[in-house]
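J.: Below, each chain spelled out in residue letters.
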Amino acid sequence: MEYAAVKGRLLTPVNALLALVMLAGVGAFVARFAFGLGATTNLSDTYPWGLWIVFDLAWIALAAGAYVTAAVVYLFGGEQFHGIARSAVLMGLLSYNFVVVTLLADLGLPWHAWQIAIQRPEHSAMFEVSWCVGLYVSVLALEFAPVLFDRFGWERLRDLWKRLTPVYIVAALGFFVYLMSHSPLWGVAALVVFGALAVILPRKATASEGGLPILAVIAAVAFSSMHQSSLGSLFLLMPDKLSHIWWSPILPLYFFVSSIVGGLATTIVLVALTDWAFGRKQQTEVLAGLARILAGVLAAYLALRLGDLAVRGQLGPAFAQPYFLTEVAVGAILPLALLVPLSRKTGAVFVLGLLTMGGIVMNRLCVVLLGMNLNGPTPGGSPATYVPSPVEIVLSVSLIAALFFFYLLGVRLLPILPRNGDDEGAHELPGHLRRAHPENAAVTSPSAGAS
Amino acid sequence: MSKACLVDTTRCIGCRSCQVACKQWNALPADRTATHLKSGGYQSPPSVSAKTYTVVSFHEVADAKAPGGMRWLFTKRQCMHCEHPACASACPTTAMHKTLEGPVNYDPSKCIGCRYCVWACPFNVPTAEWDQLAPQIRKCTFCTDRALTPETINEKPVDPQTAERQTQALSMPACVKACPTGALCFGERDELLKEAHRRIERSPDRYVHQVYGEKEVGGTGYLYLSSVPFAERGFRTDLGEVAYPQHTERAMKTVAPAVVGLGALLGAVYWVSKRREEKEDAAKV
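Residue numbers (our numbering), protein chains in the order written: chain A, 104 to 554; chain B, 2 to 286.
Chain A on its own, in the form it takes in the complex (with noise of 0.2 Å):
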């Protein structure tokens, strides 16, 4: 697979309307501190999280492109997914710094942040999340590494990454478990474990991406289900607030579960957009082929919902409530019944990824906010009501305006997308830009590449 910058002007109108839109963002962030989170928030004793946090659920959901596309095309054999994986870690990486930032203005006492990496609470999923979410966003800088390698040919770097990442890796899941689980044991077991791995695995590794170790893939993919699910952990603790519609002793495997169907959709809305709007061919195969794996997710999500209902005898009433109803009917009942049927119609694929999109921003909705039963501070009965600030709503546009803009700028830079064979411009980069590798250039070979 050989990747090129898109050829074209940087300052579109497109553009300059999104860094305006940042613009407001950034007056939203400063005016939050200046001020504070009580005068610049409709946040309350009642209502502790609001819209930030909903944003950040429901955009790291979306964010699992990054991973599933790796595991896809790189643990599963999906070679003719190649094309993407770099537009979906990018997209990935962008998304969790993003959100990042939110949780930054989120925070009451974001400058005691650190004390995160010096304390040792005993079964915090708040821990959990923070450490894991914090050592993923380090392996995807690493995964997205070899594109600044191509770009700007930094070749004595990239051996020193080849050589490296193995070790970091392999020490961040040691120290990760060791830390979860509070027993030396379970940390050499995973330094063990992994540290075999780093040992068998990369004489099989693919030298795609010039050379990421497999075993990088492999940790996205652990942290990911780990703090996926562990931000469904967060609300094991509410089942007095939350409806039990949503609220269920296995909310953590489904919002791993749901994290997959998250990211699949929107890795095929990325695609699509992606190719509208630089103009380039859409890829039907491609489109087809992540809408029949989503299918298959969702027909997975569906049933573990629908069952774990059953179980609990929640079927009946989930059904009466309207916010289930968009949630499930229309966010996924819908899609799972079109996408086989219409996988090669590409309009419709991506409507029906948005539709998907929509039901798994709709279920963190419901699980913060809409699904939430409250009854104010102690001792009850007079609860405030909660409708988003201005700054609140002003801050989370921005950050999806700021998303589309680098997603742009760096399509634009560097080397994300395929090579198109259409794209005559593409060809044209400045030959000290695309310094050839030897082992890029072996991989380079016309069978690599994706349709």
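Calculated directly from the structure, the hints in this document are not laboratory data.
Cβ atoms here follow ideal geometry from the backbone N, Cα and C, with glycine treated the same way.
One should not assume that every hint holds.
As the list claims (entries may be wrong) - DEER-style ranges, computed between Cβ atoms:
#1 B/T255 to A/L405: 20 to 26 Å
#2 B/P230 to A/S286: 41 to 47 Å
#3 B/Q167 to A/A487: 39 to 45 Å
#4 B/K157 to A/L288: 55 to 61 Å
#5 B/L240 to A/A423: 21 to 27 Å
With chain A fixed as given, assemble chain B onto it according to the hints.
T.: Using the frame of chain A, we list chain B on its own:
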């Protein structure tokens, strides 16, 4: 052994001395008050907040024997100081923590302000300082900072006798010290539980036969006696007896095995598929 407080609501006259004493000891500012007639009682301020750690709730129930056919129910509410607190298990930095002595305490220097404790508490007790640029979490401290022997009073050294008296006076929470009717008792939890059951036994007609907090969410440090079902006082009676941390404990305990297992599984899947590929390639040649 852990310290606890028994609230015998049948002895409470709704004077709110406890509320005032709490404000004084903790140097808390006044809260904006307003008449409100919602389901949560007639008290003002209506609930605990970062400025009000304890509130006496005023509920009214029909009672033919009472003047006007209505009877007041006064209930002091504050942090329950759970035996297994949800807030502490939620906290990512142990800023909120259970002490060996019983109180659930808060260390602002560790707090990142995520407010997960506010969400997690089944009694909706922790509150945030929404009007501050650096909002800390606020709730009843069980007056842990009181059990001190002062070395000086008015900048003069303290003689042993005065020190002893001071220590005794400070050895209980400000609210308990202020209660004029003996509705509040401070002591060891198991002894207070025995005392509560003794009172029910002695006056079976005076009390409903339940000590709220004995078993709720795995037991709490505040124990309540009541003459009417606790729901009529605004207590939640559907919280169950499972200690809240258990809800996440199981999930968190599976993280380590899951990471190792998943890693090994993915490695194996990859290795097998590559091997098959290699064999197929070899067969083709």
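J.: If a hint holds in the structure, say so; if it doesn't, say that too.
T.: Here's how the hints hold up against the structure:
A C-beta distance of roughly 24 Å is found between B/T255 and A/L405, which places it inside the suggested range of 20 to 26 Å. Remark: the range hint 41 to 47 Å for B/P230 to A/S286 is upheld by a beta-carbon distance near 45 Å. The given range of 39 to 45 Å is respected by B/Q167 and A/A487, whose C-beta atoms sit roughly 42 Å from each other. About 58 Å separates the C-beta atoms of B/K157 and A/L288, a value consistent with the hinted range of 55 to 61 Å.
At roughly 25 Å, the beta-carbon separation of B/L240 and A/A423 lies within the given 21 to 27 Å, and the hint holds.
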